[in-house]
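Novice: Spelled out, the chains give:
Protein chains: 2
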Amino acid sequence: MRLGDGVEWALHCCTVLGALPPEQTIPSSVLAEFHGVPSAYLAKQMQALSRAGIVQSVPGRNGGYKLARAADDISILDVVLAVEGPEPAFRCTEVRQQGPSAVAPARYVKPCGIAAAMWRAEEVFRQELDATTLGDLVSELDTGVDPEQTEKAIIWLSQRLGPATTPVNTPEKS
Amino acid sequence: MRLGDGVEWALHCCTVLGALPPEQTIPSSVLAEFHGVPSAYLAKQMQALSRAGIVQSVPGRNGGYKLARAADDISILDVVLAVEGPEPAFRCTEVRQQGPSAVAPARYVKPCGIAAAMWRAEEVFRQELDATTLGDLVSELDTGVDPEQTEKAIIWLSQRLGPATTPVNTPEKS
Numbered sequence: 001m002r003l004g005d006g007v008e009w010a011l012h013c014c015t016v017l018g019a020l021p022p023e024q025t026i027p028s029s030v031l032a033e034f035h036g037v038p039s040a041y042l043a044k045q046m047q048a049l050s051r052a053g054i055v056q057s058v059p060g061r062n063g064g065y066k067l068a069r070a071a072d073d074i075s076i077l078d079v080v081l082a083v084e085g086p087e088p089a090f091r092c093t094e095v096r097q098q099g100p101s102a103v104a105p106a107r108y109v110k111p112c113g114i115a116a117a118m119w120r121a122e123e124v125f126r127q128e129l130d131a132t133t134l135g136d137l138v139s140e141l142d143t144g145v146d147p148e149q150t151e152k153a154i155i156w157l158s159q160r161l162g163p164a165t166t167p168v169n170t171p172e173k174s
Numbered sequence: 001m002r003l004g005d006g007v008e009w010a011l012h013c014c015t016v017l018g019a020l021p022p023e024q025t026i027p028s029s030v031l032a033e034f035h036g037v038p039s040a041y042l043a044k045q046m047q048a049l050s051r052a053g054i055v056q057s058v059p060g061r062n063g064g065y066k067l068a069r070a071a072d073d074i075s076i077l078d079v080v081l082a083v084e085g086p087e088p089a090f091r092c093t094e095v096r097q098q099g100p101s102a103v104a105p106a107r108y109v110k111p112c113g114i115a116a117a118m119w120r121a122e123e124v125f126r127q128e129l130d131a132t133t134l135g136d137l138v139s140e141l142d143t144g145v146d147p148e149q150t151e152k153a154i155i156w157l158s159q160r161l162g163p164a165t166t167p168v169n170t171p172e173k174s
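Protein chains in written order, with my numbering: chain H, 1 to 174; chain U, 1 to 174.
Don't read these hints as lab results, they were simulated from the structure. Please read all numbers here as calculations on a predicted model, not as lab measurements. The reader is advised that the hints may include incorrect statements.
[Claimed, not checked] List of simulated lysine-lysine pairs, DSSO-like, C-alpha gap at most 27 angstroms:
1) H:K44 - H:K66
2) U:K66 - U:K44
3) H:K152 - U:K110
4) H:K66 - H:K152
5) H:K110 - U:K110
6) U:K66 - U:K152
Turn these sequences into a full structure, and let the hints steer you where they fit.
Specialist: See the structure below:
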């Protein structure tokens, strides 16, 4: 079982967008350069986030992406499902309906016990991801990120995007 | 995120082995025919289960696979990790150490908050899978499987493996 790198990149990009003033937009190419990831591939992830209504694409010379709603209203699960798709990790191919012991399809009224057990585990996985928001990740930046990195990030983003890029997260939030 | 079909097949095979008398062995080829899955690919899954100490390969004319320990002592997680490998689904590539805001590697003392959140969710996923045993899946056969399918399975397996193949699970167990 493996989650694609796109999930990691999308979560980092959304956390950066959540740390900036709500109307501040960042082009996908700048997000790619800031995170040191391939621009073309990141563009696909940002488009997936846009289709899912997590980020909003603002056209124009100062355009780019911003969060489509408040960081506190977007869960990690929202981002993961936007990038990876809604399908469960365990796909039941109804093995029980194959082979010499199979009976008429109409007889399979209950879900397969194996699939049910796997899906119970996926449900708690999703519940846990849904319990953490982008707002939580932004707040965690204050305590989890080295102050030197935060300063370098603010300076670099300010030079690229203009002055209004002081992160909105404050120590009070964390 | 996707789990391979091998997980589904391995869980079905281990449940069948758990439902048979402890010393009853089944060749991988018979397990493949019983489940209607490709024999060569299933053989790889059975070898992975053997390497993980979940099943035991018994050589000889009446040889094949049997569970290496009691069905109640093997969790679904044991089977999933044996087939899929122990690596977490979310692989942190340390994106935070890339790009213009990166600082000296020694400054990254805390784990990335994004990775930590993802790994918390994987932990509850694994805990849930670890809470269900093959014994639970075997017991569930009594109530979850159509009696006609159970009868057809017993008859087919008896013809292939000899008479001592009455499932050990009884209605009392479910």
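Novice: All hints are to be evaluated individually against the structure, with a verdict given for each.
Specialist: Comparing the hints with the structure gives:
1. H:K44 - H:K66: Holds: K44 of chain H and K66 of chain H sit about 16 angstroms apart, inside 27 angstroms.
2. U:K66 - U:K44: It holds: about 16 angstroms lies between the C-alpha atoms, which stays within 27 angstroms.
3. H:K152 - U:K110: With a Cα-Cα distance of about 18 angstroms, the restraint between K152 of chain H and K110 of chain U holds, given a limit of 27 angstroms.
4. H:K66 - H:K152: The given pair, whose Cα atoms are some 21 angstroms apart, holds under the 27 angstroms limit.
5. H:K110 - U:K110: 46 angstroms, violated
6. U:K66 - U:K152: 21 angstroms, holds
Hint violations for this structure: number 5 only, all remaining hints satisfied.
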